[in-house]
Structures are given as C-alpha cells and as structure tokens.
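K.L.:
Next come the chains, spelled out residue by residue.
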Amino acid sequence: MTRTRPHSRGLPLLSSATAATVVAALSLAFFYAPLDRDQGVIQKIFYIHVPLAIVSLCGFIAGGVMAIRHLRTGDRSWDMRSYVAIHLSIVFAVGTLVTGSIWAKASWGHWWVWSEPVLVSFLIVFLLYCCYQPLRFSIEDPERQARYASVFAVTAGAFVPVNFLAVRLATQHVHPRVLSQSGSLPGPMLLTFLVSLAGVALLWATLWKLELSLKSSRMSLKRLRARLEAPDEVEAPVPEVAVR
Amino acid sequence: MTTTATPSERKIASVPPGLWRAATALLRKDFAHEVRTRQTVPAMALFSVTVFVLFHFGLARDTISGSLASGVLWVTLLLAAVVGVTRLFAAERDGGAGEGLLLAPIDRTAIYLAKASALLLYLALLEVVALPAFALLLAPGLGDGLPELIATLALADVGIAAIGALVAGLAAEARAREAIVPLMLLPLLVPVLIAAANASRPLLETHSHAAGLAKWLGLIGLYDVVFVLVSVALFDYLLED
Chain A
1 MTRTRPHSRG LPLLSSATAA TVVAALSLAF FYAPLDRDQG VIQKIFYIHV
51 PLAIVSLCGF IAGGVMAIRH LRTGDRSWDM RSYVAIHLSI VFAVGTLVTG
101 SIWAKASWGH WWVWSEPVLV SFLIVFLLYC CYQPLRFSIE DPERQARYAS
151 VFAVTAGAFV PVNFLAVRLA TQHVHPRVLS QSGSLPGPML LTFLVSLAGV
201 ALLWATLWKL ELSLKSSRMS LKRLRARLEA PDEVEAPVPE VAVR
Chain D
1 MTTTATPSER KIASVPPGLW RAATALLRKD FAHEVRTRQT VPAMALFSVT
51 VFVLFHFGLA RDTISGSLAS GVLWVTLLLA AVVGVTRLFA AERDGGAGEG
101 LLLAPIDRTA IYLAKASALL LYLALLEVVA LPAFALLLAP GLGDGLPELI
151 ATLALADVGI AAIGALVAGL AAEARAREAI VPLMLLPLLV PVLIAAANAS
201 RPLLETHSHA AGLAKWLGLI GLYDVVFVLV SVALFDYLLE D
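If you're matching them up, the sequences are chains A and D in order. Here the first sequence is numbered in the working numbering, starting from 1 and rising by one per residue. Here the second sequence is numbered in the working numbering, starting from 1 and rising by one per residue.
The following block holds chain A by itself, in its conformation from the complex (with noise of 0.2 Å):
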C-alpha cells in the first residue's frame, strides 16, 4: 500500500537551507558581529536567546492557528499540526527560558530576574502550556482529544498577547529596557540576528516537518501491521491520532 506523505515532501531541501543558515548564524555572531561594549562576549547569547524566544511564540500562536482549522473543518490532520507545533514550542520555550537563565546571570548576578518582562511572561506562558499534553492524554476518545485539545491551543494562542500585556504594564516603570531592541542594533549586529533568526525558524520548520513525518509513518506501519495480522478482514480507516 502505497500512501503519499505529504509531510516529508521538501524535507532534505529545508533541512540543507537550515543547516546553512545555521551555520552561517553561528558564523556570524562568532566570527563577524562585533563584542557589545558593556557586556562583551555574553551579550553573544542573544543571537540564540531572543529568536528562541520570538519562534516559540509565534509556534505557540500558529499551533492555536492551526486549531482554529481543526475546529472550524473538523480535519484531523490539522489537529495533528498544531500538536506538534505546540510540543516543539514548548521545547523552544525551554531553551528560552535556559539562555534567559544563563543570561540574566552573567549581566546582572541572579540565575532569575523578576524586572525583566519578556522572561516573567515566558515562564507564565510555558507553566500554561506545560499542562497541554497532560490534558490531551487524560481524554481518551480520540475524536474528543483532538477537539479539547484544540480548544486548549485557541484559549491559550488568546492568552499570550493578553499575558504579555499584563506582565509589561506591571514592570514598566521598575526596571529600565536594559536590553537593546533590534530598531537600536548597529548593522552588523542586526544582520547577524536577522539570520540567527531565520536559522531558528529554519529549524522549527524542519522539526515540525519531520516530527509529522515520522508521525504518519507510524500510522502508516501501524496500518500495515494491522493488514499483515488480519489480511481478510476489510481496512478500517485508522484515523490520525496522536501518538506519544
């Protein structure tokens, strides 16, 4: 039986451009982007730390998208998409959270800082989406599932920008914006994380591509054992559900 996955097509080409431009992003930071006169080299961590930060987000945001397309055509595979969006965010999540870490120990002496908005946010938005899994494998209908879970991924897509705004408004007027925003970057600096950028959201692409290959392939093996165990019995349909 043959069964197209449409989610491995382009898969070595995306891998190939997200190699090199991660290549080229650590090339960059390390070799062409110059030492930041305060910090000096652990100021480095931001080429990693923010576009961990930005793509995480956006994937948790996209994996509500991708929900609101479950809910609205009722289309499993969709439901499947923003699962795994929401799972490698969350890993992304992590990292920021880690480099953040290591970060506001070098430049100002605490492995956690309080003042600073952006990561306060992130730890809230990360405990939220730390209870995703927990909820979509405590439902066991698997047609339920899907559908909770996407109402899960909508509630809390609404969420972060409301959180983001609460976070910021109460630490405004305490702590100065230390860090400086990519409008204030001088060029090669701002070049250097534009492309560090473009290679983290390279690499959650191609993750996402390959976690949902990997994933159909499963159903597909599934699906052919089932034939190899049962030959005459009629194929149901094994619809896509998630694996863990």
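Honestly, the hints are just simulated from the structure, not real lab data. Take these hints with a grain of salt, some might be off.
Claimed, not checked - Coverage of chain A stretches by chain D, computed from C-beta distances (three or more under 8 Å per stretch; other residues unrestricted): (1) 159–167; (2) 202–215.
Stated by the list, open to error - A few chain A residues that don't get close to chain D, going by computed Cβ distances all over 10 Å: (3) G40; (4) D75; (5) S101; (6) S138; (7) P188.
In this text, a Cβ means the ideal position worked out from N, Cα and C, and glycines have one as well.
Let chain A serve as the given structure and place chain D on it in line with the hints.
P.N.:
Below, chain D alone, put in the same frame as chain A:
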C-alpha cells in the same frame, strides 16, 4: 417544571427557547440545586477563611497591609475559585444530567452563559463571606477603599467566571480533573492577579488611596472582553457529541 402544560405553554415548548431564556432557566436550575445541596459556595467560603488562617500562621503576622494584604487576598480568592471551578460541572458529570442538557433543544451557548453566570454568582457570594473575614482576621483597615475594591472585585470576577467556566468544561472529560483544573486555570488567571493585586495594593495601605486604578481596571476589562468572546466562540466545540 409543571407537569400540566397549558396550551400556550405547549406552544412555547415546541419552539426552542431563545438564548437568554434558556440561559436564565439553566442558571435558575443551577442556583436551586446549589441552594438545596450547598456543595459549592460553603466549601469555597470555608476554604478562603482557612487560607486566611494559614497565612496568619505562615507569615506570623496579626495584621497586614499594602502589597502583602492585596497578595494574600487575591491569591486566596483565586484558590477558592479553583474549588468552585472543579465543582462547576459536578451535577452534569456525577448525576448524568449532562446528557439531558445536551438533548435539550437549546443553543449550546446558553449552557456556557448559564455556567459562567453561576460561577460569577458563586464568586460574589464567596466574596460576601471572604472580604469581611479578611477584614476581621488580617486587615482591619479595609473600610476606606471599599468602593474601589468592590469595583475591582466585580470586574475581576467576570474574567474569572468567563475563563473558569471554559476550563471547567475542558476538564470535565479529563481523567485527572482535580489536577488539571488548577494547573490550567491559575496560569490563565495570572493577568487578572497582576492587575487586581496592583489595583488593590494602594487601597489596602494604612492610608488608603487609589493610584493607577484606571489602568489596572482597564486591563481587567480588556481581559474580560477577550476571554468572554473566546469562551463563547469555543465552548460549543466541547459539547459536539
């Protein structure tokens, strides 16, 4: 419900009731159930008083004010709200009333509106007990900023009820419901906590004054609008069986 239906009532029964009629009928049913069984509101109120006592010993303070007072008050209220949210669909789940509800020829949104209003009502009743208890046990100087504090409570309750009813619906089918509700609800309520605690901090100072109240109430208002709309849009999908 009357068993003998007059012709006019029969005519009404054949036409599905409108959204508001259905929602108020369901709310009346939930409230009557609560009045008879007394399973949710007393538990929430008792829980809040217990937490105040815990804070008294945990902080080793007889009276608190300012940021400590507003933190204790809001954290206690949010934890008490968790108790209410966990119990919100108890009758539908344990008594099998959920199927009856789904079979009723009503707009599904009415179910959400009724549940959110029921939670709003429970939260208001909780605060009627918790606020005097808080003033009595921990914060004697509560009286001065009371109108502003009540306004903050009212706005925050709308947000808590809106998201609480959605979370209760989401967790109703989950196996580890008791663990999932607080894990899901409390992070979602962080913006409400931030705004409400900031709004009430100056109100609970020894010399009560309102500072930045408009900004924080505006934030809670924005939260209310966003999550009422999101919940109304999404709740239908939880009941699609």
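K.L.:
So which of those numbered hints doesn't the model satisfy?
P.N.:
2, 6
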